[in-house]
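Given only the sequences and the hints, what does the whole structure look like? Please build it.
So the sequence lines, in the order shown, correspond to chains G and F. First residue of the first sequence? That's 1 in our numbering, and the numbers climb one at a time after it. First residue of the second sequence? That's 1 in our numbering, and the numbers climb one at a time after it.
Calculated directly from the structure, the hints in this document are not laboratory data. Hints are not guaranteed to be accurate.
Covered stretches of chain G, as calculated for chain F (at least 3 residues, CB under 8 Å) [what the hints assert, rightly or not]:
#1 2-12
#2 49-62
#3 80-89
#4 116-125
#5 176-183
#6 309-315
Heads up, simulated DSSO-like pairs for lysine-lysine below, C-alpha to C-alpha not over 30 Å straight-line [unchecked claim]:
#7 G/LYS78 with F/LYS252
#8 G/LYS71 with G/LYS26
#9 G/LYS261 with G/LYS26
#10 G/LYS25 with G/LYS261
#11 F/LYS78 with G/LYS252
#12 G/LYS26 with G/LYS78
Computed from a predicted structure; not experimentally measured. Just so it is clear, CB atoms sit at the ideal spot from N, CA and C, and this is done for glycine as well.
2 protein chains.
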Amino acid sequence: MTRRGDTLLFDAPPTVAAWAAAGGKKESEGPLASAFDFVTQDAAFGEQGCENWEQAESLLQRKAVELCLRKADIPRSKVDIAFAGDLQAQCTASNYTMRELGIPFAGIYGACSTMAETLGLAAVFAAGGMAERVLALTSSHFCAAERQFRTPLEYGAKRTPTAQWTATAAGACLVRAHGSAGVPVLSVTFGRVQDFAVHDINNMGAAMMPAAASTLLRYFSATGTSPQDFDAIFTGDLGEVGTALLHEQMAKEGLPLDNHKDCGCLLYDTNSQNVQAGGSGAGCSAAVLCGKILPMLAAGQLRRVLFLATGALMSQTTFLQGESIPGIAHCVELGGAV
Amino acid sequence: MTRRGDTLLFDAPPTVAAWAAAGGKKESEGPLASAFDFVTQDAAFGEQGCENWEQAESLLQRKAVELCLRKADIPRSKVDIAFAGDLQAQCTASNYTMRELGIPFAGIYGACSTMAETLGLAAVFAAGGMAERVLALTSSHFCAAERQFRTPLEYGAKRTPTAQWTATAAGACLVRAHGSAGVPVLSVTFGRVQDFAVHDINNMGAAMMPAAASTLLRYFSATGTSPQDFDAIFTGDLGEVGTALLHEQMAKEGLPLDNHKDCGCLLYDTNSQNVQAGGSGAGCSAAVLCGKILPMLAAGQLRRVLFLATGALMSQTTFLQGESIPGIAHCVELGGAV
Numbered sequence: 001m002t003r004r005g006d007t008l009l010f011d012a013p014p015t016v017a018a019w020a021a022a023g024g025k026k027e028s029e030g031p032l033a034s035a036f037d038f039v040t041q042d043a044a045f046g047e048q049g050c051e052n053w054e055q056a057e058s059l060l061q062r063k064a065v066e067l068c069l070r071k072a073d074i075p076r077s078k079v080d081i082a083f084a085g086d087l088q089a090q091c092t093a094s095n096y097t098m099r100e101l102g103i104p105f106a107g108i109y110g111a112c113s114t115m116a117e118t119l120g121l122a123a124v125f126a127a128g129g130m131a132e133r134v135l136a137l138t139s140s141h142f143c144a145a146e147r148q149f150r151t152p153l154e155y156g157a158k159r160t161p162t163a164q165w166t167a168t169a170a171g172a173c174l175v176r177a178h179g180s181a182g183v184p185v186l187s188v189t190f191g192r193v194q195d196f197a198v199h200d201i202n203n204m205g206a207a208m209m210p211a212a213a214s215t216l217l218r219y220f221s222a223t224g225t226s227p228q229d230f231d232a233i234f235t236g237d238l239g240e241v242g243t244a245l246l247h248e249q250m251a252k253e254g255l256p257l258d259n260h261k262d263c264g265c266l267l268y269d270t271n272s273q274n275v276q277a278g279g280s281g282a283g284c285s286a287a288v289l290c291g292k293i294l295p296m297l298a299a300g301q302l303r304r305v306l307f308l309a310t311g312a313l314m315s316q317t318t319f320l321q322g323e324s325i326p327g328i329a330h331c332v333e334l335g336g337a338v
Numbered sequence: 001m002t003r004r005g006d007t008l009l010f011d012a013p014p015t016v017a018a019w020a021a022a023g024g025k026k027e028s029e030g031p032l033a034s035a036f037d038f039v040t041q042d043a044a045f046g047e048q049g050c051e052n053w054e055q056a057e058s059l060l061q062r063k064a065v066e067l068c069l070r071k072a073d074i075p076r077s078k079v080d081i082a083f084a085g086d087l088q089a090q091c092t093a094s095n096y097t098m099r100e101l102g103i104p105f106a107g108i109y110g111a112c113s114t115m116a117e118t119l120g121l122a123a124v125f126a127a128g129g130m131a132e133r134v135l136a137l138t139s140s141h142f143c144a145a146e147r148q149f150r151t152p153l154e155y156g157a158k159r160t161p162t163a164q165w166t167a168t169a170a171g172a173c174l175v176r177a178h179g180s181a182g183v184p185v186l187s188v189t190f191g192r193v194q195d196f197a198v199h200d201i202n203n204m205g206a207a208m209m210p211a212a213a214s215t216l217l218r219y220f221s222a223t224g225t226s227p228q229d230f231d232a233i234f235t236g237d238l239g240e241v242g243t244a245l246l247h248e249q250m251a252k253e254g255l256p257l258d259n260h261k262d263c264g265c266l267l268y269d270t271n272s273q274n275v276q277a278g279g280s281g282a283g284c285s286a287a288v289l290c291g292k293i294l295p296m297l298a299a300g301q302l303r304r305v306l307f308l309a310t311g312a313l314m315s316q317t318t319f320l321q322g323e324s325i326p327g328i329a330h331c332v333e334l335g336g337a338v
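Right under this line is the structure:
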């Protein structure tokens with residue numbers, strides 16, 4: 001392992017050996033419909049015995065884990081440790097998932113940056129010999145998130161044009177030590193909190209953009225690379241507003257992003273699906289990673305990408321107290337399949 | 001690094017190079033009063049410009065970090081990464097602390113087990129060469145926690161005899177790579193979620209006990225040790241109810257705990273301080289670790305201990321939905337000062 005600035009470069013890269021994405025109805029109607037390993041038309045999972053949205057989100061996580069481990073062809077008892085987190089207060093979707101799985105567990109909170117944070121920690125553990133098989137997972141659920149962060153759905157509140165739609169989705173990755181077949185994790189950069197005093201809870205893209213720019217700039221500076229060294233740079237989830245701001249900011253920095261895609265703009269058709277500025281939620285970038293980015297790397301359609309998940313670190317309490325919304329972005333560099 | 005079962009043993013142990021504990025008024029009146037590096041008589045921090053309990057908790061964290069880094073004699077710019085988390089929904093005390101500190105940051109959620117989880121991850125990063133200087137920190141605040149998990153203080157709700165008092169306290173540790181002076185971290189064991197169907201939010205000790213027993217038993221089995229191999233085994237925070245249950249359980253397992261202390265029973269005088277069954281909150285075990293355990297190891301009064309922080313993984317939402325309360329316990333093994 002080599003450390004350059006905030007970036008950890010793996011000399012013997014661990015690999016993402018298997019992955020799976022699970023989603024709900026709206027996600028099954030979007031451009032990535034065929035990318036999901038599992039979709040449900042009933043995101044309440046009523047027939048499966050779920051009594052509320054929070055339980056349903058946890059079940060969606062378990063579907064992603066089950067399918068991921070099935071692809072990896074290992075039982076859950078062979079997993080050494082799991083990193084998981086979600087948007088629910090006290091990360092209960094993940095806690096209840098891990099109760100069912102019974103795997104050693106380190107709980108994570110990174111808001112919508114969770115997929116990159118858990119994948120980064122999983123890669124560190126696999127690269128450092130702390131574990132042979134590590135799970136990284138996260139989720140979000142539109143209905144659980146709306147009533148927690150904004151208003152209960154029953155109120156029928158109007159959504160502003162800058163609002164983003166919390167994805168009902170989950171993603172799970174199994175990371176293994178160097179030498180296993182899969183998609184190599186080349187580096188990890190843990191982000192620093194940025195706060196540019198955005199106070200609008202319906203404009204997450206603007207709140208998170210500075211964190212994305214900060215981590216990207218630190219990564220490029222530490223590694224001596226620039227955007228054109230990558231087949232693609234994926235952020236998640238800035239939506240249309242945050243994406244436009246990021247392009248503007250990076251152009252000002254002399255590093256225009258010509259090969260950038262945002263997971264929040266990939267998961268839904270922003271013209272026809274009534275998601276306003278795009279998707280969000282920890283499950284959004286997780287599902288795009290597991291449904292699209294990793295498969296394209298595995299198939300040789302991409303050979304080197306940055307996956308930069310962004311999170312807004314407020315709560316409903318701090319928002320009502322008038323606090324601004326800090327953001328964070330963690331970056332995972334992925335290479336062509338080995 | 002050697003892996004045995006769920007336990008990571010460090011062949012070249014990283015060290016806790018510096019630490020600090022910060023607390024409030026009640027904590028300054030308890031048996032560990034002199035153990036704190038900082039205490040305030042106004043836990044609202046009104047004169048410091050805090051407008052609410054949540055901000056005050058974040059400020060308490062920053063006090064602990066400031067003092068810890070001052071003892072280590074390094075500026076915060078020299079810290080490679082920080083692991084932090086707390087009990088507030090979306091871990092906002094830590095998020096806002098990290099906004100002020102500007103250090104690369106991985107957010108953690110482990111409820112009251114957070115100090116052991118962050119310290120364990122910090123030790124892994126320092127041992128594996130991922131970082132040279134790592135911060136591990138956490139906090140809790142009685143007033144922020146009560147209104148979030150139970151009822152606002154203004155309601156004047158009666159407390160049951162099994163209830164525990166959330167500590168207004170914070171602890172911070174600076175972990176450095178092997179070879180630095182300090183208290184060595186000999187091993188880390190990340191726990192597995194346990195749920196013995198306790199539904200009483202005023203009996204956290206009973207809810208968390210099975211997790212403590214599970215992690216202890218896995219640790220002893222993996223390492224071939226037994227309780228008498230340690231000068232002391234500290235849990236945090238089971239309180240009097242959980243402690244009695246743990247002693248009963250471990251005796252049944254043939255591993256009686258004669259040298260066990262619970263951080264929840266150490267921080268307050270349970271006879272005179274009106275804390276019912278003892279202290280709790282992520283800051284409770286953090287303050288006892290930084291105020292008592294680490295100083296005793298540094299002074300040669302202890303030579304080998306287990307620090308086993310326990311967390312209850314519910315939220316107010318899951319509690320009201322009738323879910324049972326899962327628990328988790330992470331274990332950090334500490335040695336005599338080098």
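Results of checking the hints against the structure:
{"no.": "1", "hint": "2-12", "result": "holds (count 3)"}
{"no.": "2", "hint": "49-62", "result": "holds (count 4)"}
{"no.": "3", "hint": "80-89", "result": "holds (count 6)"}
{"no.": "4", "hint": "116-125", "result": "holds (count 5)"}
{"no.": "5", "hint": "176-183", "result": "violated (count 0)"}
{"no.": "6", "hint": "309-315", "result": "holds (count 3)"}
{"no.": "7", "hint": "G/LYS78 with F/LYS252", "result": "29 Å, holds"}
{"no.": "8", "hint": "G/LYS71 with G/LYS26", "result": "25 Å, holds"}
{"no.": "9", "hint": "G/LYS261 with G/LYS26", "result": "20 Å, holds"}
{"no.": "10", "hint": "G/LYS25 with G/LYS261", "result": "23 Å, holds"}
{"no.": "11", "hint": "F/LYS78 with G/LYS252", "result": "29 Å, holds"}
{"no.": "12", "hint": "G/LYS26 with G/LYS78", "result": "34 Å, violated"}
Going through the hint list in order, the structure does not satisfy hints 5 and 12.
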